[in-house]
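Peer 1: The whole structure should be built from the sequences, with the hints applied where relevant.
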Amino acid sequence: MERTHMRRTLALALAFCPPLFPAWGAADLSDPAAAFGLPAADPIALEVLLDREEVRPGSAFRMAVVLAMDAGWHAYANPKGPGIGEATVVAGRDQDGFTFSPARYLPGKKKVADYDPRDWVWAYEGSVPVFLEVAAAPGVAPGAYTLVIDASLMACKESCLPLIKELSAQVKVAAGEGEPAAANAAVFADFGKAAPAPPKDGAPPPARGETAADAAFDVSRYEAVSLAEDQVSGLLMALFFGFIAGALLNVMPCVLPVIGIKIASLVSQAHESRGRILRLGLAFGAGIMTVFLVLATLAATLGFGWGDLFRTDAFNIAMTGLVFVFALGMFDVYVISVSAGDGAGAREGYLGSFYKGVLATFLATPCSGPFLGATMAWVLGQSPLTIFTVFTSIGLGMAAPYVILSASPRLLRFVPRPGPWMETFKHVMGFVLLGTVVYLFTFLRQEYVWPALALCLALALGAYLWGRFAHPAVPAGKRWAWRAAILAGTALSAWVLFAPAGEEEGSAWEPLGAELLDLYRAEERTVVVDFTADWCPNCKYVERFVLESPEVAAAFDAKNVARVVADITHAENSSLAIRLRDRLGSRTIPFLAIFPGNDHYRPYVLRDLYSKADVLAILEKCP
Numbered sequence: 001m002e003r004t005h006m007r008r009t010l011a012l013a014l015a016f017c018p019p020l021f022p023a024w025g026a027a028d029l030s031d032p033a034a035a036f037g038l039p040a041a042d043p044i045a046l047e048v049l050l051d052r053e054e055v056r057p058g059s060a061f062r063m064a065v066v067l068a069m070d071a072g073w074h075a076y077a078n079p080k081g082p083g084i085g086e087a088t089v090v091a092g093r094d095q096d097g098f099t100f101s102p103a104r105y106l107p108g109k110k111k112v113a114d115y116d117p118r119d120w121v122w123a124y125e126g127s128v129p130v131f132l133e134v135a136a137a138p139g140v141a142p143g144a145y146t147l148v149i150d151a152s153l154m155a156c157k158e159s160c161l162p163l164i165k166e167l168s169a170q171v172k173v174a175a176g177e178g179e180p181a182a183a184n185a186a187v188f189a190d191f192g193k194a195a196p197a198p199p200k201d202g203a204p205p206p207a208r209g210e211t212a213a214d215a216a217f218d219v220s221r222y223e224a225v226s227l228a229e230d231q232v233s234g235l236l237m238a239l240f241f242g243f244i245a246g247a248l249l250n251v252m253p254c255v256l257p258v259i260g261i262k263i264a265s266l267v268s269q270a271h272e273s274r275g276r277i278l279r280l281g282l283a284f285g286a287g288i289m290t291v292f293l294v295l296a297t298l299a300a301t302l303g304f305g306w307g308d309l310f311r312t313d314a315f316n317i318a319m320t321g322l323v324f325v326f327a328l329g330m331f332d333v334y335v336i337s338v339s340a341g342d343g344a345g346a347r348e349g350y351l352g353s354f355y356k357g358v359l360a361t362f363l364a365t366p367c368s369g370p371f372l373g374a375t376m377a378w379v380l381g382q383s384p385l386t387i388f389t390v391f392t393s394i395g396l397g398m399a400a401p402y403v404i405l406s407a408s409p410r411l412l413r414f415v416p417r418p419g420p421w422m423e424t425f426k427h428v429m430g431f432v433l434l435g436t437v438v439y440l441f442t443f444l445r446q447e448y449v450w451p452a453l454a455l456c457l458a459l460a461l462g463a464y465l466w467g468r469f470a471h472p473a474v475p476a477g478k479r480w481a482w483r484a485a486i487l488a489g490t491a492l493s494a495w496v497l498f499a500p501a502g503e504e505e506g507s508a509w510e511p512l513g514a515e516l517l518d519l520y521r522a523e524e525r526t527v528v529v530d531f532t533a534d535w536c537p538n539c540k541y542v543e544r545f546v547l548e549s550p551e552v553a554a555a556f557d558a559k560n561v562a563r564v565v566a567d568i569t570h571a572e573n574s575s576l577a578i579r580l581r582d583r584l585g586s587r588t589i590p591f592l593a594i595f596p597g598n599d600h601y602r603p604y605v606l607r608d609l610y611s612k613a614d615v616l617a618i619l620e621k622c623p
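Quick note on numbering: the working numbering labels position 527 of the sequence shown as 527, and the sequence is numbered without any gaps.
Honestly, I wouldn't trust all of these hints.
[What the hints assert, rightly or not] Capping the alpha-carbon separation at 16 Å, the derived lysine to aspartate or glutamate pairs in EDC-like fashion look like this: (1) K540 x E447; (2) K157 x D42; (3) K165 x D42; (4) K157 x E179; (5) K109 x D96; (6) K110 x E125; (7) K172 x E53; (8) K172 x D119; (9) K157 x D70; (10) K165 x D332; (11) K559 x D608; (12) K612 x D557; (13) K540 x E515; (14) K612 x E515; (15) K172 x E54; (16) K559 x E620; (17) K165 x D150; (18) K540 x D608; (19) K612 x E523; (20) K559 x D582; (21) K172 x D332; (22) K621 x E524; (23) K109 x D119; (24) K426 x D332; (25) K621 x D599; (26) K157 x E515; (27) K612 x E548.
[To be verified] Computed spacing ranges between beta-carbons, pair by pair: (28) E47 x H570: 31 to 41 Å; (29) F545 x T312: 27 to 37 Å; (30) G139 x G305: 25 to 35 Å; (31) L584 x P82: 18 to 28 Å; (32) F469 x I84: 57 to 67 Å; (33) A377 x G419: 45 to 55 Å; (34) Q95 x R445: 24 to 34 Å; (35) T312 x P142: 36 to 46 Å; (36) A454 x E177: 54 to 64 Å; (37) G489 x P82: 43 to 53 Å; (38) A318 x P82: 52 to 62 Å; (39) Q95 x S159: 29 to 39 Å.
None of these hints come from the bench; they were simulated from the model.
Since we're looking at a predicted model, the values are computed, not measured.
Even glycine gets a Cβ: it sits at the ideal position worked out from N, Cα and C.
Peer 2: Here is the structure:
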């Protein structure tokens, strides 16, 4: 089944208005499409084909939407290149038992515009397939199923005709052994040359994500073969290997900045009582053990593996902030000391030592040292009690060197005596920690980079205020009032920066395009165009608090307003947006244009900062 939108409807509607266009008197109005220069039938036929006669439950298969273009006609490829036009877009509709991967497009042929040889696009001509991978769920019952695919493209010759199609294909699911018979081999021969559509406007490529073939891939067919000496075969061996692995974590590059700082602290404490030095070492070890117990809990209850915390956005953001704050401390931006008798806070406190142990352990989790892989491979399949026991052994192994050094400071006699070098060393470690912050930023998804940078700025301000107004020498009442205010302000900043914006199935805003404006004008649909740029903070403000506010969004939906974004962030992608903005009498952004459906060429405009009331007032005037 297929459905073509708007083209013939528009032609038929205009055909009933011959008095307005006398030149039509000579036209054959028995074919209204021809009277307007449109072809009587679609110049591009679409057909759906499968790569096999039938489908097995739990398997992946391929479909192709074949574009068969009449002579002289072409469609835009995906990507379409720098010229004007709309790329061909094909997408399958997921349904119970079947999941589609993103469409894969073949490269187009370069087509140069007649009016300007510098303007060109990638185009499809002749017969071209667009491929889709589909995964059939293991539990899908045998029988016949109808799968639906949406296709949107522009058919172009001297003029362009938008085609929006809803295609369907029958898929037969049958149980059986072996691969089913192949079909349409010639069509699918070029599948390896096709690729998913690239991101628009130079955006960074998205994560690959799991394809339909990935979802259906049977990993149970594989069995690992390990060397005999790399095997852990029992609890005692796991405890031994775990202790050794924990000790070796201390020389992994992930934790060296914190370890160096801790050793320097031990050197600086050499003149203090042995009891206090030991207690500081135990506090550091307690921080290590606390993290290992947390990791054991996650492994036993949620199946987390070693380093899996770094797969979560919240943890990566928190670690980035914590390391950044710790780095600021290396430059004496602030001082935290909670142990009795610390005076002005020149000496390390127990909480500070505990915090360093926590930080060192979390930083160690991306690294997998010797013996750790074999130990983890064995323990993660065991009972919760065994998991806690082995993780405790690993933690004890990591904490042991510091407790031993704290108990016997004479072991540090090879380290230079305390002196000015320690201040330089501390600053060097501060820069190393800032480098660690940059490294942690590479873990963040693109949408969290700018909020995380803003959070670091808020943390830097909080650390400065803490060091200026909440240090130990300030009277207790004033000190704790400042600390409460700083912590509350930092928490509020984090909430504002990372609060979820609500569930979205996809953006309602479409990128500006000439064909898109003409399409909505022909439909007599009201259009709002938001002229914006990533470097414009006022634009982001009106988008978040005006255009995306519940009141304005509801008004858009109630009037079926088409939402279009004109992004002028980069010069090479914003020619049309700039020309349209300038024509409408503005040289600045934010700038909003609302094109009424009944008077498309006379849009209402709002410049600079505007309010929800301004937008709603204009919408009241639109059909």
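Peer 1: A separate judgement is required for each hint: does it hold in the structure or not?
Peer 2: Okay, the hints, checked on the actual structure:
1. K540 x E447: 14 Å, holds
2. K157 x D42: 12 Å, holds
3. K165 x D42: Since the Cα atoms of K165 and D42 sit roughly 11 Å apart, the hinted pair holds (cutoff 16 Å).
4. K157 x E179: Violated, because 43 Å separates the two Cα atoms, which is more than 16 Å.
5. K109 x D96: Status violated; Cα separation ~37 Å.
6. K110 x E125: OK: K110 and E125 at ~11 Å, within 16 Å.
7. K172 x E53: Satisfied, since the Cα-Cα distance of roughly 8 Å is no more than 16 Å.
8. K172 x D119: Roughly 46 Å between the alpha carbons, so the hint for K172 and D119 is violated.
9. K157 x D70: Answer holds: K157 to D70 is near 10 Å, not above 16 Å.
10. K165 x D332: 65 Å, violated
11. K559 x D608: 24 Å, violated
12. K612 x D557: Given pair K612, D557 holds - Cα atoms ~15 Å apart, limit 16 Å.
13. K540 x E515: 26 Å, violated
14. K612 x E515: This hinted pair is violated, its Cα atoms lying about 29 Å apart.
15. K172 x E54: 5 Å, holds
16. K559 x E620: 10 Å, holds
17. K165 x D150: Since the Cα atoms of K165 and D150 sit roughly 6 Å apart, the hinted pair holds (cutoff 16 Å).
18. K540 x D608: 12 Å, holds
19. K612 x E523: 26 Å, violated
20. K559 x D582: Roughly 27 Å between the alpha carbons, so the hint for K559 and D582 is violated.
21. K172 x D332: 70 Å, violated
22. K621 x E524: 14 Å, holds
23. K109 x D119: OK: K109 and D119 at ~14 Å, within 16 Å.
24. K426 x D332: 10 Å, holds
25. K621 x D599: It holds: about 11 Å lies between the C-alpha atoms, which stays within 16 Å.
26. K157 x E515: Between K157 and E515 the Cα gap is close to 14 Å, so the pair holds against 16 Å.
27. K612 x E548: 10 Å, holds
28. E47 x H570: 31 to 41 Å: 38 Å, holds
29. F545 x T312: 27 to 37 Å: Given range 27 to 37 Å: holds, Cβ gap about 29 Å.
30. G139 x G305: 25 to 35 Å: 28 Å, holds
31. L584 x P82: 18 to 28 Å: Given a distance of about 24 Å, which is inside 18 to 28 Å, the answer is holds.
32. F469 x I84: 57 to 67 Å: 58 Å, holds
33. A377 x G419: 45 to 55 Å: Since A377 and G419 have Cβ atoms about 47 Å apart, the given range 45 to 55 Å holds.
34. Q95 x R445: 24 to 34 Å: Since Q95 and R445 have Cβ atoms about 29 Å apart, the given range 24 to 34 Å holds.
35. T312 x P142: 36 to 46 Å: 40 Å, holds
36. A454 x E177: 54 to 64 Å: For A454 and E177 the Cβ distance comes to about 58 Å; the hint holds.
37. G489 x P82: 43 to 53 Å: 46 Å, holds
38. A318 x P82: 52 to 62 Å: 42 Å, violated
39. Q95 x S159: 29 to 39 Å: 37 Å, holds
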